[in-house]
Every structure is written in structure tokens, then in C-alpha cells.
Amino acid sequence: MAIKILVSKPTKNVLTATSPDDFYLHSDYPLLKIHSFGTFSFAVALESITITHSLGYRPYTLVFSTAVINDAGDVSAEMYQHDWFVGGVSVMWWGQTRIYINTLIIRVGESNAAKGGMVTGFYYIFKDEVI
Amino acid sequence: MAIVIKITKPTYNVLTETNPRNFIFDSTLNHLKTSSSGSFERTVTAGNSTTVYTAHGLGYKPLVLAYFRSTTNSNWFITMTQIEPTNSRRGINCNVELYVDSTNVYFKINNYDASVTFTIEVQYEIFFEGS
Numbered sequence: 470m471a472i473k474i475l476v477s478k479p480t481k482n483v484l485t486a487t488s489p490d491d492f493y494l495h496s497d498y499p500l501l502k503i504h505s506f507g508t509f510s511f512a513v514a515l516e517s518i519t520i521t522h523s524l525g526y527r528p529y530t531l532v533f534s535t536a537v538i539n540d541a542g543d544v545s546a547e548m549y550q551h552d553w554f555v556g557g558v559s560v561m562w563w564g565q566t567r568i569y570i571n572t573l574i575i576r577v578g579e580s581n582a583a584k585g586g587m588v589t590g591f592y593y594i595f596k597d598e599v600i
Numbered sequence: 120m121a122i123v124i125k126i127t128k129p130t131y132n133v134l135t136e137t138n139p140r141n142f143i144f145d146s147t148l149n150h151l152k153t154s155s156s157g158s159f160e161r162t163v164t165a166g167n168s169t170t171v172y173t174a175h176g177l178g179y180k181p182l183v184l185a186y187f188r189s190t191t192n193s194n195w196f197i198t199m200t201q202i203e204p205t206n207s208r209r210g211i212n213c214n215v216e217l218y219v220d221s222t223n224v225y226f227k228i229n230n231y232d233a234s235v236t237f238t239i240e241v242q243y244e245i246f247f248e249g250s
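Residue numbers (our numbering), protein chains in the order written: chain G, 470 to 600; chain D, 120 to 250.
Because the hints were derived from the structure by calculation, they are not lab data.
This one's a predicted model, so the numbers in the text were calculated from it and none came from an experiment.
Virtual Cβ for every residue (Gly too), placed ideally from N, Cα, C.
Check before you lean on any hint, since a few could be wrong.
[Unchecked claim] Label pairs and their calculated CB-CB ranges:
id, chain 1, residue 1, chain 2, residue 2, range
1, D, Gln242, G, Pro499, 14 to 24 Å
2, G, Gln565, D, Ser221, 37 to 47 Å
3, G, Ala471, D, Glu160, 37 to 47 Å
4, D, Ala121, G, Ala541, 25 to 35 Å
5, D, Glu244, G, Gly507, 16 to 26 Å
[Said to hold, decoys possible] Here are some of the chain D residues that sit facing chain G, going by a computed Cβ distance under 10 Å:
id, residue
6, Pro129
7, Lys152
8, Ser155
9, Pro181
10, Leu184
11, Tyr218
Throw the hints in and build the complete structure from the sequences for me.
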């Protein structure tokens with residue numbers, strides 16, 4: 470008999486629950502394992518920042534950051550889920566995360582921005598691979 | 120000696136395995152922990168948008184994952200910040216943007232269609248991890 474480790478949520482019977490959503494931990498279902506996390510900031514003028522993870526493969530990654538919101542290079546108060554790209558008639562703006570085998574390149578910008586602001590954000594890199 | 124809990128995937132030896140991708144659970148690594156989750160539906164008339172927000176109570180900007188669908192079909196899409204109307208999601212001319220601040224999680228539902236009213240269902244998970 471296979472041995473399992475199960476931790477159910479409150480009110481759920483660990484011996485009889487069947488939905489994976491009823492468990493905090495269920496050894497049949499792998500959890501995302503955090504490799505590293507952190508915050509970043511860079512001047513709009515620089516347009517990007519490189520984060521090194523050194524995993525040797527493309528990991529699952531989640532990134533949120535402020536967005537460049539006008540031609541002056543000002544940034545939003547809120548942090549937006551990556552990615553976005555909008556190409557207007559005369560201006561483009563973007564927030565993109567490119568995942569490489571040993572790095573992430575996080576890009577945020579706006580084509581007409583006066584590049585005066587600072588982009589801030591946070592990222593989570595997981596041990597789990599994008600396949 | 121520190122006590123650890125490790126669960127490997129089937130066929131891997133928990134005593135000798137070193138590749139973190141081959142573990143279901145590893146107590147030496149952090150995992151995403153859910154702070155709250157929920158769902159809602161909103162009807163958005165043609166060409167309009169609406170923003171729904173929920174207070175997360177964390178006092179910092181949390182990591183969030185969310186998915187959405189039109190209630191007329193079963194195709195779920197991951198939220199995506201700002202996408203051009205001409206590039207909107209396959210089968211539905213609608214998008215949900217996700218962004219956060221230290222107080223709320225925001226879901227901006229954009230109906231790009233000129234003639235169709237959509238009822239959009241959103242499901243989300245807010246994690247303790249964030250910045």
C-alpha cells in the first residue's frame with residue numbers, strides 16, 4: 470500500500486475527502502516550490518533589469534510591477550500582473566518578463582516616455598520548470 | 120540535526136534525490152500559501168468596462184492568480200494586463216486585467232465587443248507571498 474501524507478482543510482475529513490481543493494497538503498499533488506523571490510527597481514530610462522536564477526532551465530515565474538503611465542515616464546501606484554503590450558497609433562507601452570535558462574529579463578516601458586520615473590515590482594521564481 | 124519532511128514524485132528515492140523538481144513537497148523550500156480565494160460574476164455591456172475589487176487585508180501587495188471565462192462557454196483564460204482589442208482572447212472579445220495595491224486586488228473587465236454583452240466569471244487566489 471502506498472503511503473500518503475494528507476493535511477485537510479478545517480471541516481474536511483482527511484480520511485474521506487476526495488477533492489484536491491479540500492487539502493492543504495496532499496502527497497499525490499506536487500506543490501510549486503519557491504526557488505527565489507525579491508523586489509526590483511530600475512529607472513524607466515534603463516527599460517529593463519536582469520535577475521539571475523542560475524537554474525539551468527526555464528523556471529515557472531510570476532512577476533508584478535508598476536506600469537509606465539504617461540509620456541513623462543511616471544509610473545502607476547498599483548502593481549500589474551506581467552505581461553502586457555499595447556501598440557497605439559503613436560505610442561507603445563509594455564511590461565514583459567522573458568524567461569531564460571539562467572536569467573529573467575523584466576522589461577517595463579513606454580515608447581514616448583521622458584524616462585524620469587522608477588519602475589518597482591516583485592517576482593517569484595519556482596524550482597518547477599516550464600515545459 | 121534538523122528534521123525535514125520530503126516527499127518525492129513516484130519512482131524517485133526520497134533519501135537520495137537532490138533535484139528539487141522531483142519533489143512533491145520539501146520542507147526546506149517555501150511554497151505559496153493561500154490567504155484567500157473567491158469568485159464572482161459581472162455582466163459588462165458591449166464596449167464597456169467595469170472594475171471589481173476585493174480587500175485582501177494584508178497591508179502589502181500580494182501575489183495573485185486569477186482566471187476568467189464567459190459564462191456562455193467553458194474556456195478559461197488567465198488574466199492578462201492590457202491587451203489590445205484586436206488581439207483579445209480566442210473566442211471571446213473580452214479581457215480581465217489584474218492589479219494590486221496594499222489594500223485591494225483589482226479586476227478590470229474590458230468588453231471590447233461592439234455588440235455583445237458578456238457575463239464574466241472570475242476565480243482568484245490571493246497568496247500570502249508578495250511585497
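Okay, the hints, checked on the actual structure:
1. Take Gln242 of chain D and Pro499 of chain G: their Cβ atoms lie about 21 Å apart, and the range 14 to 24 Å holds.
2. A beta carbon spacing of about 24 Å between Gln565 of chain G and Ser221 of chain D contradicts the range 37 to 47 Å that was offered as a hint.
3. For the pair Ala471 of chain G and Glu160 of chain D, the beta carbons lie near 40 Å from each other, so the given range of 37 to 47 Å is met.
4. For Ala121 of chain D and Ala541 of chain G, the Cβ-Cβ distance of about 52 Å falls outside the hinted range of 25 to 35 Å, so the restraint is violated.
5. The hint said 16 to 26 Å for the Cβ distance between Glu244 of chain D and Gly507 of chain G, and at roughly 21 Å that hint holds.
6. The closest approach between the C-beta of Pro129 of chain D and any C-beta of chain G is roughly 9 Å, which is under the 10 Å cut-off, so the hint is satisfied.
7. At its closest, the beta carbon of Lys152 of chain D sits 9 Å from a beta carbon of chain G; the interface hint therefore holds under the 10 Å criterion.
8. For Ser155 of chain D, the shortest C-beta to C-beta distance to chain G is roughly 13 Å, which exceeds 10 Å, and the interface hint is violated.
9. Residue-level restraint check for Pro181 of chain D holds (minimum Cβ-Cβ distance to chain G is 9 Å; threshold 10 Å).
10. Taken as an interface hint, Leu184 of chain D checks out: its beta carbon lies about 8 Å from the nearest beta carbon of chain G, inside 10 Å.
11. Residue-level restraint check for Tyr218 of chain D holds (minimum Cβ-Cβ distance to chain G is 4 Å; threshold 10 Å).
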